[in-house]
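Number of protein chains: 2
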Amino acid sequence: MSVLFSFQIDAADDATHARAGRLATPHGEVLTPCFMPVATQAAVKGLTPDQLRAIGSQMVLCNTYHLALRPGAELVAQLGGLHRFMGWGGPILTDSGGFQIYSLAHRTKIDDHRVVFRSHVDGNLFELTPEDAVRIQEQLGADVAMCLDECLPHDTPRERLETAVRRTIAWAARCRDAHRLGSQALFGIVQGGTDPDLRVRCAEGLIRLDLPGYAVGGLSVGEQSESMYATLDVVAPCLPADRPRYLMGVGRPQDLLEAIARGIDLFDCVLPTRNGRNASAFTSAGSLRLRNQRFERDDRPLDPVCSCPVCRGYSRAYLRHLFQTNEMLGPILLSLHNLAYYHGLTRGAREAIERGCFDRYRRDRLAQLEA
Amino acid sequence: MSVLFSFQIDAADDATHARAGRLATPHGEVLTPCFMPVATQAAVKGLTPDQLRAIGSQMVLCNTYHLALRPGAELVAQLGGLHRFMGWGGPILTDSGGFQIYSLAHRTKIDDHRVVFRSHVDGNLFELTPEDAVRIQEQLGADVAMCLDECLPHDTPRERLETAVRRTIAWAARCRDAHRLGSQALFGIVQGGTDPDLRVRCAEGLIRLDLPGYAVGGLSVGEQSESMYATLDVVAPCLPADRPRYLMGVGRPQDLLEAIARGIDLFDCVLPTRNGRNASAFTSAGSLRLRNQRFERDDRPLDPVCSCPVCRGYSRAYLRHLFQTNEMLGPILLSLHNLAYYHGLTRGAREAIERGCFDRYRRDRLAQLEA
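From first to last, the protein sequence lines are chains G and H. For any residue, its number in our numbering is found by taking its place in the first sequence, counting from 1, and adding 31. For any residue, its number in our numbering is found by taking its place in the second sequence, counting from 1, and adding 31.
The hints are simulated quantities; they were obtained by calculation from the structure and are not laboratory data. Check the hints yourself; a few may be wrong.
[Claimed, not checked] Listed below are several chain H residues computed to face chain G (Cβ distance under 8 Å; list not exhaustive):
| id | residue |
| --- | --- |
| 1 | Gln72 |
| 2 | Leu106 |
| 3 | Arg328 |
| 4 | Asp330 |
| 5 | Gly344 |
| 6 | Ser346 |
| 7 | Gln355 |
| 8 | Thr356 |
| 9 | Glu358 |
[As the list claims (entries may be wrong)] Here are a few chain G residues that sit away from chain H, every Cβ distance over 10 Å (derived from the structure):
| id | residue |
| --- | --- |
| 10 | Phe36 |
| 11 | Lys140 |
| 12 | Thr194 |
Quick reminder that beta carbons are idealized off the backbone N, C-alpha and C, glycines included.
With the rest of the complex left out, here is chain G:
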C-alpha cells in the first residue's frame, strides 16, 4: 500500500472473526466496519453531502459504469475529479463496472481480452478492457478503485465459473500493471460463485498480486443467504488479515451482521436508499411500511431509539402524509433515516468489537430483526 493508504486493526473479536479497523485514505480515515452509501451517478439519490456527513457517512461508492456513460470519465477528470465534481470531500470508492455490465448492459460479449456491451442508456456499443477500467477509474480519481472482474449469476455451471475465475485473476494482474495513480488504491475482487474450491483458487490468485485490499464479489446475485454466509466462511480466512475486506453489494442488516462476524470490513448496497424511496423504513424493531394506514395518526418517530435528524424531527404520521401526497421529501427523509440506521448498525458493531462483545451484539440485533 502506498504511503497515502494504510489499514490497521484496532480490535479483533475473540468469539468471531469480526474486527474493528481503520482505513487511511488521501481523503480521510474510515473506521470499519463501514457501510458506504451508493452514489451511483455521483449523487446519493436525493441527499446532499452535508446531509450524509450529518448522519455519519464516512465513504461513498460511485458506479464507474454509469459515470463512464454519463457524463464520461474524461469530463469528470477535466472538472477536477469525482470529489470536486460531486462536492464530497471524504473518501470515495469506485467499482469496476463489472457488476453493472452483468446486470444492466445489453448483448454483452466477453472473451479473455475484453468485454463488449451495449449501453443501457442509448444502446451504443462499448468495449472495455481491464486497462480501460483502470484508466477510467484513474480519471474519476476515487480513493479506492476496483479491478475489472467477471460476475455471473448464482446458477452458472462450474465450467463457466472456472473461466470467470481464471479471467478475473488474469484481469486483476493486468489492472495492477496498468495502474499508475499513487493517490488511489486498487482492490481485487474474488469471484467463483458459491463453489468453495473456485473461491479459494480465485482468492489465492489475487493474493499473489499483493493488492492493498480484497473484495468478495458475485454474491447477493440470487443465491440463498446461507450460501452467501458459507462462501464468506471459506473466502474471508484466505484473505490477508492486514488488508481491508469488502463485500460488494450486500445487503440486508442481517447480512451485514453475519458478514462482519466473518471478518468483512466494508459494505455497500442500494437497499437503504431504494427502500427509503419506496416508503420502507429500517428500524430496531423491524421494517415499517410508511404507506400503511396504521401510521395515519402515529405521533412517534420512526424508531424511538434512533437519534438521526429524521427521528428527532418528524412523526410517522408526517412521513406517511408525505408519501400519501407524493412529496419528494418522503423518499428523502426515509433514505436519510435508513442510511443512519445502517451507519448505526456498523458503528454499534465496531463498538461491540472494541468492547469484546460483538457476538452478543450480533445475536441481539438479529433477534430484534426477527421480532
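Position chain H relative to chain G; hints supplied.
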C-alpha cells in the same frame, strides 16, 4: 393586533413607497420585505426545514385547501399543529383555500353563504363557509391565517367582480367574528380584479374590520404585469401604513421589485421551486436552463455572485449532469438555489431601503434581469 403580534416600520424609502418592516409572531420575527417559500402540503418540495433555515427562509406558506383534504386539519391539530407536524419552528402563514378552490377544485358552486366544490384529489364534495375556513386554519395553527375570499379570473365582467368584492368583504367580517385563536393573526384579502374602483371599495370595506394585516389577492391570474402594477398603485396607498401588506402568489423577481416599490412587504410564489424542479435557475445575470448542452463542461457556479450552499458547492456541469441523469438532487439543489436567490433579492431590497437607495437597487436589479 394581539400582544403576540406587532408590525413596525424600520425604514421607509423616500423615492418610492418601499418600506423595511419587522413582523413579530409567536414563532419569531420576520424582517420585511420577505419572500415565503411555498410548502403546499406541509413540505417545501424536496427541502428540509434545516436546508431552508440555512438559506435564510424566515416564514413559509402552507395551503389550507391541500392540507384540509390531506391529511385533514383535525389530524394536524391532533399532532400538535403545523409547526410540529412539519418540523418548522419559524412563522407559518396559511392561505384560506379561496385561490385553490378557484384554480384546482372542480364544479365549484358559490353563493353568499358558502362555496361548494369537488376535491381535485378524489372528487369528493366539500362545503366551505368563511367560518369553516377560520376553524380549519385555527386547527392548522399557523401564525397568520387568511380570510376566505372569492378569487376570479382576470377577464371577469365587472358585475361579477362586484359580487365577489361584496362577498369577500362580508366573508371577511364573518371570518373576523368567528376567529378565536389569540396566537394567530387573521389577514383580509383585497379582491376586485384590475378595476380600480372595486379594489378601493374592497380595501375600504376590509379596513373597517380593523384587521392586523391586508393582502392583495386575485393578481397574477393571467393579467399583464402593467395591470398588476397599476392595481398595486391604487390599492397599496389605501391600506393602513402600520399593517403588513402581502401580495399573494406573486411572482417573478421583477414583480417583487416593482411591488416592494409600491409598498408590499410579504410575498409567496411557487416559481422558484417549480422552476428549480424544471432545471431553470434564477441568477443575477438572468435565468439559466441547466439542461442546455452549453453547460456540459462549465465549471462555474450557477451564479458567481451568489453565496448559497449550491453555488459554494457545485458546478453548472454537475447540476446539468444531475438533470441529464434524472437524479432527484438536481431539482433539490436548484430549488434551494432559487429560493436563496429570492431571499437575496428581498434581503438586498431591505438593505437598500435602510440605506435610502432602494430606487437605484430596483433599477440595477431590473437592468440585470433584462440583460
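Checked hints:
1. Gln72: holds, 5 Å
2. Leu106: holds, 6 Å
3. Arg328: Holds, about 6 Å.
4. Asp330: Holds, because the Cβ-Cβ distance from Asp330 (chain H) to chain G comes to roughly 6 Å (cut-off 8 Å).
5. Gly344: Constraint on Gly344 (chain H) satisfied, holds at 4 Å.
6. Ser346: holds, 6 Å
7. Gln355: This interface hint holds because 6 Å falls under the 8 Å limit.
8. Thr356: Result: holds, 5 Å to nearest chain G Cβ.
9. Glu358: It holds, given that the least Cβ distance between Glu358 (chain H) and chain G is near 5 Å, below 8 Å.
10. Phe36: holds, 27 Å
11. Lys140: Label holds. Min Cβ-Cβ 26 Å, cutoff 10 Å.
12. Thr194: holds, 34 Å
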